[in-house]
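A.B. asks: Sequence:
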Amino acid sequence: MPDKKNEEWQDWLEGIRAIAPLLPAALPFGMMAGLAAAKVDFDALLGIGQSAIIFAGASQIAMSQLIGEKALPAMAVLTVLLINLRFAMYSASLSLHLRGLSGTKKSLVAYLLTDQAYALALARFTLHPDWSLDRKFRFYLGTAITLWIVWMASTALGYYLGAGLPPSWGLEFGVPITFIALMVPGLRDSATVAAACVGGVMAVIAAPLPNNLGLFLAALCGIAAGYAWESIMLAPQEGDDT
182 MPDKKNEEWQ
192 DWLEGIRAIA
202 PLLPAALPFG
212 MMAGLAAAKV
222 DFDALLGIGQ
232 SAIIFAGASQ
242 IAMSQLIGEK
252 ALPAMAVLTV
262 LLINLRFAMY
272 SASLSLHLRG
282 LSGTKKSLVA
292 YLLTDQAYAL
302 ALARFTLHPD
312 WSLDRKFRFY
322 LGTAITLWIV
332 WMASTALGYY
342 LGAGLPPSWG
352 LEFGVPITFI
362 ALMVPGLRDS
372 ATVAAACVGG
382 VMAVIAAPLP
392 NNLGLFLAAL
402 CGIAAGYAWE
412 SIMLAPQEGD
422 DT
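Heads up: the sequence shown begins at 182 in the numbering used here, then just goes up one per residue.
In short, the hints are calculated from the structure, not lab data. A portion of the hints provided could be inaccurate.
Taking lysine to aspartate or glutamate pairs in the EDC-like style, the calculated list, with each CA pair at most 16 Å apart, reads [what the hints assert, rightly or not]: (1) K186 <-> D315; (2) K251 <-> D222; (3) K287 <-> D315.
Label-pair distances were calculated between CB atoms; the ranges are [what the hints assert, rightly or not]: (4) Y408 <-> V385: 14 to 24 Å; (5) E189 <-> L398: 47 to 57 Å; (6) P209 <-> D311: 17 to 27 Å; (7) D370 <-> W190: 22 to 32 Å; (8) S274 <-> L390: 32 to 42 Å; (9) I234 <-> P209: 19 to 29 Å; (10) D311 <-> L390: 53 to 63 Å; (11) N265 <-> A225: 34 to 44 Å; (12) V385 <-> K251: 13 to 23 Å; (13) I413 <-> K186: 48 to 58 Å; (14) V382 <-> M256: 49 to 59 Å.
Where is the CB? At the ideal position from N, CA and C, for every residue including glycine.
Whole structure, please, built from the sequences with the hints as guidance.
C.D. replies: Next comes the structure, spelled out in structure tokens:
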């Protein structure tokens with residue numbers, strides 16, 4: 182009879198092996214999140230600790246930048262929530278596979294949820310519908326906890342490297358470059374292009390607004406534009422019999 186403990190460990194290892202190819206990409210992104218915190222003079226506890234609380238790269242960078250620019254705290258929180266809205270959809274999708282977990286385990290799954298962990302878990306759960314609930318949970322933790330450890334380490338590395346660099350280096354350009362790198366791969370259709378164009382134009386127009394309200398307004402306009410464009414494209418054309 183196979184050793185049960187060994188089988189459980191194999192489930193963890195399978196999750197670790199699945200996430201391993203994605204870790205090199207997470208390392209520089211985590212360093213940029215730490216660098217962004219260092220450049221706005223967060224202390225080490227706050228600069229690194231936000232990785233454990235927020236655990237979402239784009240949101241961490243946005244939060245650091247907004248607080249550094251003296252934005253209203255409510256505006257910073259709303260921006261982070263807006264960026265992270267996709268996780269609500271991820272959660273609804275994963276719930277179909279992880280229904281039956283205890284409340285504590287569900288909370289752990291939710292806390293560790295990332296784009297990478299979601300994509301890998303969903304693909305593996307769909308490929309192996311016969312997996313038990315416990316096996317799915319162990320695989321998920323193997324991917325998610327491994328990424329969490331790498332993210333925390335890379336954020337700390339970026340923070341201490343950034344804190345030691347002279348201001349004359351002008352590394353503030355790294356934040357917008359990071360967001361551009363995140364955005365471009367997501368421009369997969371006309372709706373996302375419309376959202377990006379409208380959001381970008383509005384960000385420039387609304388830049389003079391106080392308390393960084395322009396950023397939040399630009400995000401809302403971009404979302405609205407993408408939704409409107411998609412609705413128009415999907416609407417039945419005149420004369421269409423379907």
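A.B. asks: The structure should be examined with respect to each hint, and the outcome stated for every one.
C.D. replies: Okay, the hints, checked on the actual structure:
1. K186 <-> D315: 13 Å, holds
2. K251 <-> D222: 12 Å, holds
3. K287 <-> D315: Satisfied, since the Cα-Cα distance of roughly 12 Å is no more than 16 Å.
4. Y408 <-> V385: 14 to 24 Å: For Y408 and V385 the Cβ distance comes to about 21 Å; the hint holds.
5. E189 <-> L398: 47 to 57 Å: Cβ of E189 to Cβ of L398: about 50 Å, so the range 47 to 57 Å holds.
6. P209 <-> D311: 17 to 27 Å: For P209 and D311 the Cβ distance comes to about 38 Å; the hint is violated.
7. D370 <-> W190: 22 to 32 Å: 42 Å Cβ-Cβ, so the 22 to 32 Å window is violated.
8. S274 <-> L390: 32 to 42 Å: Holds, at about 36 Å.
9. I234 <-> P209: 19 to 29 Å: 21 Å, holds
10. D311 <-> L390: 53 to 63 Å: 55 Å, holds
11. N265 <-> A225: 34 to 44 Å: 24 Å, violated
12. V385 <-> K251: 13 to 23 Å: 20 Å, holds
13. I413 <-> K186: 48 to 58 Å: 57 Å, holds
14. V382 <-> M256: 49 to 59 Å: 20 Å, violated
When the structure is compared with the earlier hints, violations turn up for hints 6, 7, 11 and 14 and for no others.
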